[in-house]
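Asker: Chains L and D supply the protein sequences, listed in that same order.
Residues 42 to 285 (the numbering used here) are what the first sequence spells out, left to right.
Residues 499 to 1303 (the numbering used here) are what the second sequence spells out, left to right.
Incorrect hints may appear among the rest.
Said to hold, decoys possible - In silico DSSO-like links for lysine-lysine, alpha-carbon gap of 27 angstroms or less:
#: 1; chain 1: D; residue 1: K1224; chain 2: L; residue 2: K163
#: 2; chain 1: D; residue 1: K516; chain 2: D; residue 2: K831
#: 3; chain 1: D; residue 1: K1228; chain 2: L; residue 2: K172
#: 4; chain 1: D; residue 1: K670; chain 2: D; residue 2: K629
#: 5; chain 1: L; residue 1: K191; chain 2: D; residue 2: K1300
#: 6; chain 1: L; residue 1: K165; chain 2: D; residue 2: K1300
#: 7; chain 1: D; residue 1: K669; chain 2: D; residue 2: K607
#: 8; chain 1: L; residue 1: K191; chain 2: D; residue 2: K516
#: 9; chain 1: D; residue 1: K1300; chain 2: L; residue 2: K265
#: 10; chain 1: L; residue 1: K163; chain 2: D; residue 2: K1228
#: 11; chain 1: L; residue 1: K54; chain 2: D; residue 2: K1300
#: 12; chain 1: D; residue 1: K669; chain 2: L; residue 2: K191
Bear in mind the hints are in silico, worked out from the structure with no lab data behind them.
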Amino acid sequence: MSQATVNTNTKIKMTNISKIFETEELETHALRSIDLEINAGDYVSISGPSGCGKSTLLSILGLLDMPSDGEFYIEGVNVTDLSLDEAAEIRNSKIGFIFQSFNLIDELSVFDNVALPLRYSKEKMSEQAIKTRVNECLALVAMSHRVSHKPNQLSGGQQQRIAIARALVANPAILLVDEPTGNLDSKSGDQVMDVLEKLNENGTTICMVTHDPRYADMARTQLKLLDGAILTTPDIVERVKAAV
Amino acid sequence: MSQFIYQQKQAWFSLKQKPSFVASVLITMGTTLGALLCILTLAYILIFKPLPYPEQSKLYTIEHNLIDAESRIDGRAFTYPNLMHLYQNQTVFSDAALLYYDARVLTSKNNQPTLSTTFVTPKWFELLNAKMVIGRSFEVTELMNTFNPVAVLSYDTWQKEFNLDPNILNKKVEFIGISYRIVGVIEKSFIEPQLLAKGLKTQVYLPWDYNSISEQNRKEWGNDDGNLTFIGKLGVNKTVKQINQSLTSLINDNWQKQVSGRKFFKDWSIGIKVHDFKSVILGDSENTIYLLLAGVIGLVLIACSNIANLFISRTAEQQRELAIHASVGATQKKLFYTILSQTGLLMLLSVICALVLANLGFYILQNFLSEQLPRVDELAINVFTLCSAIGCVVLFALFFAYLSSKMINYHALNLALQSSGKGTGIQVSKQTRKTLVITQVAIVTALVFVNIILFKDSIKTINQPSGFNIENMSHLVLGVSPAKKGEQDSRAAALLELRKLLLSQPEIEAVSQSTSPLMRFGTWALMQNVTDKRYTPGGKYIDHEYFKMIEQPLIEGDFFNQGDVQNNNPVMIVNDIFAKQLAPNGSALGMMFNGDMQVIGVVKGVQLPGQSNIRARAYYVTSYAKNMMMLKFKPGQDLSRTQVVALIKEASSQLTLFGYSSLNKSKEKMLFTEYTTAITSASLAILTIFLAAIGLYGILSYSTQMRQFEIGTRLAIGAQRNDLIKMIIKDNAPAILWGFITSFIILLFIFVGLSDVLITYINAQLLSILAITLFLIGFISLFACYWPLRTIINRPAIYALKGSD
């Protein structure tokens, strides 16, 4: 992991990232030369039609998958070619995931689900410290009253809030959010979006994939993907304008 | 009916799509059910099937016990005069026959084969309903003391030695100087009761009058001979106890009168016990059968849990297909029948394979284990086997169908269609998976543990040092006619000539006119002078070369010298075990027995292959007329059977070659049971471990697959590979541990239930064997935990999350 000379405010920097899926007969370019920079406190949405590469981009952003080409930095650390375990370590300390289908573990209680990233952390925390931190995060999503419940005893919206608490628990550099309202009714969806907005207002950096234009508009920076390439980067345009 | 055929066709087409699944089921179930059917048939024949003789339950044989003054049984064989007294005076049996088992060299054939020969009285054929394929059996013309030299051949002998010659009744067979006219051949289907030893098949039947007991021994009230046998059909309605009492008094009263003048037999007595044929033939094989059954049932259980797992995975895989069936109106019952027709078809095919394998098993048992197990000749696919086979098809088809269908939540089936595989499909419950792991580990641990014990024990017996050397040695037995008076000297001269000839061969290093060290020791009656104390050690006739040849060490005193043998001196050598009995704190040297017999040496005791202890033994000076020799060859040298036959012919026309075998081969034969046990237990252990590895891998692989999404999530939030390996091991450890505990309980039950049989196996070494077993099974379990997981954790996390999200 080498340090790059980037702005210390930059959380994510991607240069010329591409992803090609190869089969015996076919080569699919899921992402083409993506350049992307996300700064601290940003709220970025990535939207686009089905199959445009949103999920692939998010997987690479979250170190769940490797790019075929290009360079990728998280908080100035080059994470392009990490081993599986190194990637896991970075995911644990710097990335918080929120999935469309919540991905909570049914056998574990709400508390244990939220505490899970801390248990995988390289820096071992005391039980007391874990408890304090988990309760803090549950308070942030207004779920402190459901600590001992199992996920399947909760509503979809509640489950997603637990998932948000889990994503926050290790103080990540960025929250990666994948269609957070996809499995929720509109009321619960709105609640979840409110939580995310509030978190962003308090300084959390968020990058969200969604196909819902209403929610995409809630982000300050909106990227549109089509056939694996970014169509507009208004933020960059704005910055250029500002510079001129 | 058409519905049934339609379902079978559908089942066939569905299975054809999955050849590897079908192959796994057929191989696993075919092999294990084959073994099950083979052993079940054997158990049925040995335990339930009546013997193939008329009124078989009334057929009895008699055990003759020579009981010493301390009420210990000294010998279990008949003395000739007692047998004759019983035969002539008993009233308990309506029909009776006498048998003497022996072997003879067929001198009328060029290759001079040695044939097993049984001397019988005519009733033998009637009692056992031995029908002739050609000619007649023995009749009044062959009654006792008629001395009519005729012979009846077994079908096998007619085929092997006479190529089924249709003119066989015009032929004769000659055994050492006596020509017997062949009067009949027994039917091929006749099964001889193996009363003397398992696997012993008579090749030629000769009239009782010609049996090998010498004139002298026919009058000896104290010399017993294990080859003498009495059989009879019960003619009175009395209990066994009453019969034993009446026969004991018949024989013992007369015997006491006959031996009243002999000091040695003071306070000795005769006890008679009758045994029905079935118990004699079965012998101690019942335990072996139960052990075999337990082993094979264990294998079937492992196979079942493996296959159950395969069926469960297949049902999970078929959920979409089943959902479509349900959506177009298939009832729950219909779905069960759909699955049943598949399991039924697979089990039918498995059982067909199993029947073929069972037949192969029968062949192996008949050809390699006929001396270890009784009645194997009767093994064939019979009504019982077929019924068991059908039973297996029905039972296993229903069991697997039930198990598979139990997984289907009919009401939730439509969800499978709606969700299109979004993770709401059929899953095997955690409890079922756990139970499968526990069962698998429990059975496998118990089986592997038992097999390692058996393997180690037989290897120990095979490798235990015997205390003597038999390298490069062969044993030669010469065929001679029973010596009549005045013939001893000429036979001794012939044997001396042969010995000289053998010694002059460049291949031979030494010759000893002795019985093989591997041959059974005879029982000798010794009474110590002065004290009148009686002993019955094992006895063997040897010459002065014997101990040096086999390198059996002398502890004190001397070996025999040539003069002892030449003059037939009354001296003997004892082994250290017997010496200790004779003189616990001093020396046995110089002790006198039976008048003038003196102990001149003490040798270190030797252990015979397959025996667990060293017994008290005495060695006597042989006579030059003794028809046995040991040959020691120079390194790398040997003499063929043909060469030996030529030398015998050159030496004397009186002698024939009766037996010639390398001592190492004889040793291997004596250790056959141990070798068989070692090979069988090792193969069973390996097969069990193999099946366990497949089974555990199957279950754990399935459960890991089921958790793929969860594992993906854990990876996404930063779990490292080691964390997940530890997690899977930790999650499965309780089931594996419960499996171990269950196996301990099973083993404990076995050890407590069969403690008297297993007492020899219970020692401190069990702990190390247990440790090895636990290590092996533990290792396999760990492997089964890790291996399926590796495909998930060794790829980027997104692959684990894909498909589920």
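Asker: Next, verify each hint and record whether it holds.
Answerer: For each hint, the structure was consulted:
1. D:K1224 to L:K163: holds (16 angstroms)
2. D:K516 to D:K831: holds (24 angstroms)
3. D:K1228 to L:K172: At roughly 23 angstroms apart (the allowed maximum being 27 angstroms), K172 (chain L) and K1228 (chain D) satisfy the hint.
4. D:K670 to D:K629: holds (20 angstroms)
5. L:K191 to D:K1300: holds (24 angstroms)
6. L:K165 to D:K1300: violated (30 angstroms)
7. D:K669 to D:K607: Answer holds: K669 (chain D) to K607 (chain D) is near 12 angstroms, not above 27 angstroms.
8. L:K191 to D:K516: Given that 27 angstroms is the threshold and the Cα spacing comes to 39 angstroms, the pair is violated.
9. D:K1300 to L:K265: Holds: K1300 (chain D) and K265 (chain L) sit about 23 angstroms apart, inside 27 angstroms.
10. L:K163 to D:K1228: holds (20 angstroms)
11. L:K54 to D:K1300: With Cα atoms ~25 angstroms apart, K54 (chain L) and K1300 (chain D) stay inside 27 angstroms; holds.
12. D:K669 to L:K191: violated (94 angstroms)
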